[in-house]
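**Student:** For reference, the chains in residue letters:
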Amino acid sequence: MALLKISEPGEKLAIPVHRFAVGIDLGTTNSLVSTSSGQDIEVLPDDAGNYLLPSVVQYSAEVDPVVGKIAISAAINDPKNTISSVKRLLGRSIEEVLTAPQFKHYDFDTQRTDSIPAIITAAGIKDSVQISADILRTLVDRAEKFLGGKLEGAVITVPAYFNDAQRQQTKDAARLIGLNVLRLLNEPTAAAVAYGLDSRDEGNVVVFDLGGGTFDVSLLSLKKGVFEVLATSGDTLLGGDDFDYLLAAWIKSEASPTTELNPMEEAELLRLANLAKHQLSDQNETSLNYLGWSGVITRAKFAKLCESLITRTISTCRRVLRDASLSIEEIDNIVLVGGSTRMPIVRDSVAEFFGKVPLTDFDPDKVVAIGAGIQADVLIGNKSVDDFLLLDVNPLSLGIETMGELVEKIIPRNTTIPAAKAQEFTTFKDGQTAMSLHVVQGERELVSDCRSLARFELRDIPSMVAGAAKIRVTFQVDADGLLSVMAEELSTGKTAEVQVKPSYGLDADSIEKMLSSSHENAKEDMEIRALREAQIEARQLIDAISSARSIDGQLLIAQEAVRIEEVVVELQLLVEQGTSVQIHELTEELNRLSSEFASRRMDLHIGEALRGESIDEVEQ
Amino acid sequence: MQQINQNYFQLFDLSESFDLDLEKLSEKYHARQVEVHPDKFSGATEKDKLRAVQLTSYLNEAYSTLKSPIKRAAYLLTINGLNVESVSQNDLGMDLLLEQMQLRESLDALPKDESALKALGHLKSEVGEKLNLKQNNFSREFASGELTQAKRIFHELQFLHKLLLEIESSEEQRLGY
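Read top to bottom, the protein sequences are chains A and B.
Take 2 as the starting number for the first sequence in our numbering and just add one per residue.
Take 6 as the starting number for the second sequence in our numbering and just add one per residue.
Just so you know, these hints were derived from the structure itself, not from any lab.
Any given hint might turn out to be false.
Facing chain B, a subset of chain A residues (Cβ under 8 Å, in silico) [claimed, not checked]: (1) Ile178; (2) Gly179; (3) Asn181; (4) Val227; (5) Leu231; (6) Val379; (7) Leu380; (8) Asp387; (9) Ala423; (10) Gly468; (11) Ala469; (12) Ile472; (13) Val474; (14) Gln477; (15) Asp479; (16) Ala480.
A few chain B positions that, by computed beta-carbon distances, are all more than 12 Å from chain A [claimed, not checked]: (17) Ala36; (18) Val39; (19) Lys45; (20) Gly48; (21) Leu55; (22) Ser62; (23) Asn65; (24) Ala114; (25) His160; (26) Ser174; (27) Glu177.
For each residue, glycine too, the CB sits at the ideal point set by N, CA and C.
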């Protein structure tokens, strides 16, 4: 494209402008923002020099939401209005959230019909997208202040194992604050980029990413600047938080309070557990005091409490190796990412499983943000893509519901994205004119065990015998890992297309809305077509009258000629500016006005023909 | 310029054969990716962006087809005018069906818990070896232009491949994935 840009003479030569783009790690516990300072990627601190922005938002009736450290200290006294771990709410339905213990101290709005979890706060009802947007805004403000200009785009990282709804909502949160999303980048892939570009290492690398609330394992092949993800797996409900909850439950059972805990006591319990977890990363034991009880927890005891969580992470590593068809011996390096990998039990277990000491040269908190910043710099055009290329995969299989509530997989997990797959379907009843499609995501065979992404109906299929109609459904996964589904009816050559972006917890209403909007588009198309037809009709009549006058103008009565001339001028104007109805009506009138003239012409020419002269000769 | 309907082998400048240098395939794939990947078009028009997504999708599909021996075999037969979807009774020998039944029976007879893992491993390598052997046969018949014979072997490959997938999924069930 750049080659085609031609500068006007005298115009200043374009100096390559450094465009402002950032990488954002929107984490469960902490969020970070990074940007390119020309050469290196820097993680940006706040005014007090803190790189990590705690992903905590406090809402109040009087002032703007407070995000970060100040909000954390408020959580103890104002638990209902202080939202943490909102990332765990993304893409979930209200039913899932209501039964989760970690969210029990919030008041959820159960009246909502769109099924996006929303919390009743002092500042009104806030859903998971809005709360995430408030965190993003704080990061964007920080970056714009540093750069001294407006951001042109951002790469936002998401857990590799995030499903379509979770990805959509992350993008929606950015859209809510007008932030242009250059790409949703998988967190382990971002970490691998930061690691790979720095170390220049090649080979098979496992990224083990245990964050505050999510867990991913990705296996990448690094070769000559190409970062190819071979397989990824994870658990979007497993993270450091879960270690806190287990420890909190243990403290509670030891302290055995006589009454139900109030929200403040609950919050204090969690804070205490979190503190103890952190201390156990540096020391062998730590003392605890809670509601008059005091005791000690050792590293070994903590490891025992969290054994099941560790087992889950190792089992995921096994699955990734299996999906990539590689053995443990073929892994060259293991990179640890996410604050939770600071826990010695995690490090030791990973080292034991792979038989290799994992790399810890990188700050596990910053590495994802740095990778995102690098990718942002490339996508905004500051850096060439020739330096490196990312090839990522979709983490979960995509399929559709078939007979017997079974899932037919269309795009299996670990397929390199972007990916497209078309499948043909047909009707199974004579005269069937509609067909419904149910798109699901997941690995299980039964529809009810997978996540429903979208249901939509394809209508106006031409009525035919069973099996004659051909409907081609195309699944397209883009580079963000987002799916769009397109259905075309092929049998008559006339294609009907419905494009549905799957959304979170789609209910009947929103589907109806989506479908009616596609019908509205159809209405618009019809109006455009009617206008074109009216314009053509009017122009043809104007041309016909003009050529008739040049031949048989003497047949026109003066008064008649003036009137026709007036209407022709008016109609010419309407053709440019009028609606199809206006044009059509005036065309009809012109037709009436000129009909006398037309019949006189007819009489004349018929008479001439009868006298044995051809019309052509007369015209000459 | 890359086309959405280009022959997969031509797309990667490779000759049309079952025996493939996978290392070379991967190099060509990476080289093509650098040309068409959406990352190169993030500042382009919506139309060019969409085209990049479509071209890359096609490239990815081509690569995954050629990388997998069973998909590659099916693709070779298809571009040579054979319909791999239709299988007639004559395509499958009686001895093959008997062997399949035996292998399947031994799979079903295994205990449903972890204790079956070792036996599953043995079964997996047995089927894997048979697959390798058949692939060599396919390669030979295809190279010498014996397409009907190649198609027959392809259907045998399909059987073995499906069985292998079933063994793997029963392993996964027992591993609790």
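**Student:** With reference to the structure, classify each hint as holding or not holding.
**Tutor:** Cross-check of the supplied hints:
Here the hint on A:Ile178 is broken, as its CB sits about 20 Å from the closest CB of chain B, past 8 Å. About 18 Å separates the beta-carbon of A:Gly179 from the nearest beta-carbon of chain B, more than 8 Å, and the hint is not met. Violation of the interface hint for A:Asn181 is found here, the shortest Cβ-Cβ separation to chain B being roughly 10 Å, above the 8 Å cut-off. Because the smallest distance between the Cβ of A:Val227 and any Cβ of chain B comes to about 5 Å, under 8 Å, the interface hint for this residue holds.
Given the 8 Å rule on beta carbons, the hint for A:Leu231 is violated: about 11 Å separates it from the nearest Cβ of chain B. For A:Val379, the shortest C-beta to C-beta distance to chain B is roughly 7 Å, which falls under 8 Å, so the interface hint holds. Interface restraint check for A:Leu380: the shortest CB-CB distance to chain B comes to about 4 Å, inside 8 Å, so the restraint holds. Annotation: interface hint on A:Asp387 holds; nearest CB of chain B at approximately 6 Å, less than 8 Å.
Look at A:Ala423: its Cβ only gets to about 10 Å from chain B, farther than 8 Å, so that hint breaks. For A:Gly468, the interface hint is violated, since its Cβ never comes within 8 Å of a Cβ in chain B; the closest pair sits about 16 Å apart. Taking 8 Å as the C-beta contact cut-off toward chain B, the hint placing A:Ala469 at the interface is violated, the least distance being around 19 Å. Because the closest C-beta pair between A:Ile472 and chain B is about 19 Å apart, greater than 8 Å, the hint is violated.
Here the hint on A:Val474 is broken, as its CB sits about 15 Å from the closest CB of chain B, past 8 Å. Taking 8 Å as the C-beta cut-off, the interface hint given for A:Gln477 holds, the closest approach to chain B being about 7 Å. Look at A:Asp479: its Cβ gets to within about 6 Å of chain B, closer than 8 Å, so that hint holds up. With a least beta-carbon distance of about 5 Å to chain B, the hint placing A:Ala480 at the interface is held under the 8 Å criterion.
With 12 Å as the threshold on Cβ separation, the claim that B:Ala36 sits away from chain A is violated: the shortest Cβ distance comes to roughly 10 Å. B:Val39, annotated as away from the interface, has a beta carbon of chain A within 12 Å; the closest lies near 6 Å. Chain A draws B:Lys45 into its interface by the beta-carbon criterion, the shortest separation being 5 Å against a cut-off of 12 Å. Non-interface status of B:Gly48 relative to chain A is broken: a Cβ of that chain comes within 12 Å, the nearest being about 5 Å off.
Under the 12 Å C-beta cut-off, the non-interface status given to B:Leu55 relative to chain A is violated; the minimum distance is some 9 Å. Not every Cβ of chain A is farther than 12 Å from the Cβ of B:Ser62; the closest lies at roughly 4 Å, contradicting the non-interface assignment. With a least CB separation of 5 Å from chain A, B:Asn65 falls inside the 12 Å interface cut-off, contrary to its annotation. Distance check on B:Ala114: its Cβ is at least 23 Å (rounded) from any Cβ of chain A, clearing the 12 Å threshold; non-interface status holds.
No beta-carbon of chain A is positioned within 12 Å of the beta-carbon of B:His160; the least distance is around 22 Å. Taking the minimum C-beta to C-beta distance to chain A, about 10 Å, the non-interface status of B:Ser174 is violated against the 12 Å cut. The non-interface label for B:Glu177 is inconsistent with chain A: the shortest C-beta to C-beta separation is roughly 8 Å, within 12 Å.
The structure does not agree with the numbered hints 1, 2, 3, 5, 9, 10, 11, 12, 13, 17, 18, 19, 20, 21, 22, 23, 26 and 27 stated previously, though it agrees with the rest.
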